[in-house]
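From just these sequences and the hints, can you work out the full model?
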Amino acid sequence: MTTQAHAEDLLRELAPQVLGALLRRHGELDLCEDAVQEALLEAATTWPKRGLPDNPRAWLITVATRRLIDLIRAEHARRGREERFAFGAPPAEVLRIPGEDVGMDRDDSLMLMLLCCHPALTAPSQIALTLRAVGGLTTAEIASAFFVPEATMAQRISRAKQRIRDAGATFAMPPARELDARLAAVMHVLYLIFNEGYTAPSRTPASDPETQVELTTEAIRLTRQLYRLRPEDTEISGLLALMLLTEARRPGRLTPGGDLVDLAEQDRTRWNRALIDEGVELITGALASGPVGAYQLQAAIAAVHDEAAGAEDTDWPQIMALYLMLDLAAPNPMATLSLAVAVAHVRGPLAGLDVLATLDDDARVVGHHRLFAVRGHLLEMAGDRAAAREAFQGALRRTASTAEKRYLRNRIDHLT
Amino acid sequence: MKYIAIIYGNKDLWESFSAEEMTRAIAEQDAFNRRYVESGELLGAYGLGDELTARTVRVRGGVPAVTDGPYIEAKEFVSSFCLLDVENEARALELAAQMPFAAQNAVEVWPILHEAGTEM
Numbered sequence: 001m002t003t004q005a006h007a008e009d010l011l012r013e014l015a016p017q018v019l020g021a022l023l024r025r026h027g028e029l030d031l032c033e034d035a036v037q038e039a040l041l042e043a044a045t046t047w048p049k050r051g052l053p054d055n056p057r058a059w060l061i062t063v064a065t066r067r068l069i070d071l072i073r074a075e076h077a078r079r080g081r082e083e084r085f086a087f088g089a090p091p092a093e094v095l096r097i098p099g100e101d102v103g104m105d106r107d108d109s110l111m112l113m114l115l116c117c118h119p120a121l122t123a124p125s126q127i128a129l130t131l132r133a134v135g136g137l138t139t140a141e142i143a144s145a146f147f148v149p150e151a152t153m154a155q156r157i158s159r160a161k162q163r164i165r166d167a168g169a170t171f172a173m174p175p176a177r178e179l180d181a182r183l184a185a186v187m188h189v190l191y192l193i194f195n196e197g198y199t200a201p202s203r204t205p206a207s208d209p210e211t212q213v214e215l216t217t218e219a220i221r222l223t224r225q226l227y228r229l230r231p232e233d234t235e236i237s238g239l240l241a242l243m244l245l246t247e248a249r250r251p252g253r254l255t256p257g258g259d260l261v262d263l264a265e266q267d268r269t270r271w272n273r274a275l276i277d278e279g280v281e282l283i284t285g286a287l288a289s290g291p292v293g294a295y296q297l298q299a300a301i302a303a304v305h306d307e308a309a310g311a312e313d314t315d316w317p318q319i320m321a322l323y324l325m326l327d328l329a330a331p332n333p334m335a336t337l338s339l340a341v342a343v344a345h346v347r348g349p350l351a352g353l354d355v356l357a358t359l360d361d362d363a364r365v366v367g368h369h370r371l372f373a374v375r376g377h378l379l380e381m382a383g384d385r386a387a388a389r390e391a392f393q394g395a396l397r398r399t400a401s402t403a404e405k406r407y408l409r410n411r412i413d414h415l416t
Numbered sequence: 001m002k003y004i005a006i007i008y009g010n011k012d013l014w015e016s017f018s019a020e021e022m023t024r025a026i027a028e029q030d031a032f033n034r035r036y037v038e039s040g041e042l043l044g045a046y047g048l049g050d051e052l053t054a055r056t057v058r059v060r061g062g063v064p065a066v067t068d069g070p071y072i073e074a075k076e077f078v079s080s081f082c083l084l085d086v087e088n089e090a091r092a093l094e095l096a097a098q099m100p101f102a103a104q105n106a107v108e109v110w111p112i113l114h115e116a117g118t119e120m
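Respectively, the protein sequence lines represent chains R and F. Residue numbers for the first sequence follow the working numbering, so the first one is 1 and each next one is one higher. Residue numbers for the second sequence follow the working numbering, so the first one is 1 and each next one is one higher.
Please note: incorrect hints may appear among the correct ones.
[Said to hold, decoys possible] Below, simulated SDA-like cross-link-like pairs (lysine to any residue); rule was C-alpha separation at most 25 Å, straight line: (1) F/K2 <-> R/R253; (2) F/K75 <-> F/Q104; (3) F/K2 <-> R/D259.
[Stated by the list, open to error] Covered by chain R, per the in silico footprint, the following chain F stretches (three or more residues, Cβ under 8 Å): (4) 77-91; (5) 100-113.
By construction, these hints were calculated from the structure, which means they are not laboratory data. Positions of the beta carbon are idealized from the N, C-alpha and C atoms, including for glycine.
Shown next as structure tokens:
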């Protein structure tokens, strides 16, 4: 790893700790976050030239605190009020050597994640703020990952911080009765970030290499942090396992030309063995030790796919059983579609089509391209090529994804 | 997911509103714009010029020919559009329903094609 890459990783790792330290002294997220961003920027330009400081964390806290004082002074000058805050050098306890007292950082990082995923924010704002404040990414990097202009993303982040302030949210642990729901929101945001990265195309030639980040890598990194903070929470373990087991297949999911490859047709030798092993171990441990939830079940399903040496070795009865459990734990029409595929592999395509028929009156999925695509797939398995073709054409007209359109056109060509 | 929300109209329709109604509708739309730029879900809102100012370009044999007016012959024309970046279609429709023109006439919502896709 180059010094520069090492410095970047270190900065992203330290960003939430530094922000946590500032928030402990001065509760306002918007100013503290701006101060930390400026400190990160300064570190990114000076460290590669002058080498890492002896205690990078203390260096960042010192610089960020100075910036914060500047920002507070500017703000108060602007408001024409007298300065109410007296700031000196940061006290010794925030400048301690990293690792001396992990308990404080642990609470800080978790409270920061909960704050960024505050229910007063919409999903796009929660995502942007989490990536910036917890992930330490720059606004330009986040904007580029979501294909929106940098100015739009900057505004989204600054309004999100204002909104948190207006909602009266504080940098503190939520009451116990709210904690589960708040943690679920954090997990959902991390999962959305992962999915955005996983389903994204291989980069367009126009994208700027300077601002490229892999959202799957970021989501996994942040979920690992969350897992370290709450290792006893089996759904968090399940979410991390699901990400690892899905990410493991990424090298096989697109052709070099960027076309989607069916799971059954992927070159499994290209799957990432180390990620699969880690994911399997994690999900096996989670399933054995606590209440089972939707992330764990999805991870278990991913594990069964990942462990099959070839598509024909897939343990479909087990996948079917897991989808039935998922249907009970978290009923959702998208899971029913997958259940139909599993049933088709175990009991034949007509049985799978019967499962699909149960969705015919479901307003959430009627007219959804995926319902048409799965129907086409099962009709093709049943040997009804004309009907399969018609179903794929229905899916082709309904998806907004150009990658899926190319895939469906290929299927239709094969059936003609 | 990105969506475009389109408002259609024509001169007769715009003239049917009183100045007061128009001012109120614009104020409501401005409030909508502020609110959803803030939530991160509105990427941009744009009004277009009158159809008299629209031009259509055709290139035939390498030679561009410009004609006055819109490409599609219709009674109503695109008059403004919003770019939305929301979690899903349901949310896009929820926002469209809050645009003041949805109560006056109609707002049309289209998904914007993207390259992201999953194995199917």
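request  = Of all the hints given earlier, name the ones this structure violates by number, lowest first.
outcome  = The structure breaks none of the hints.
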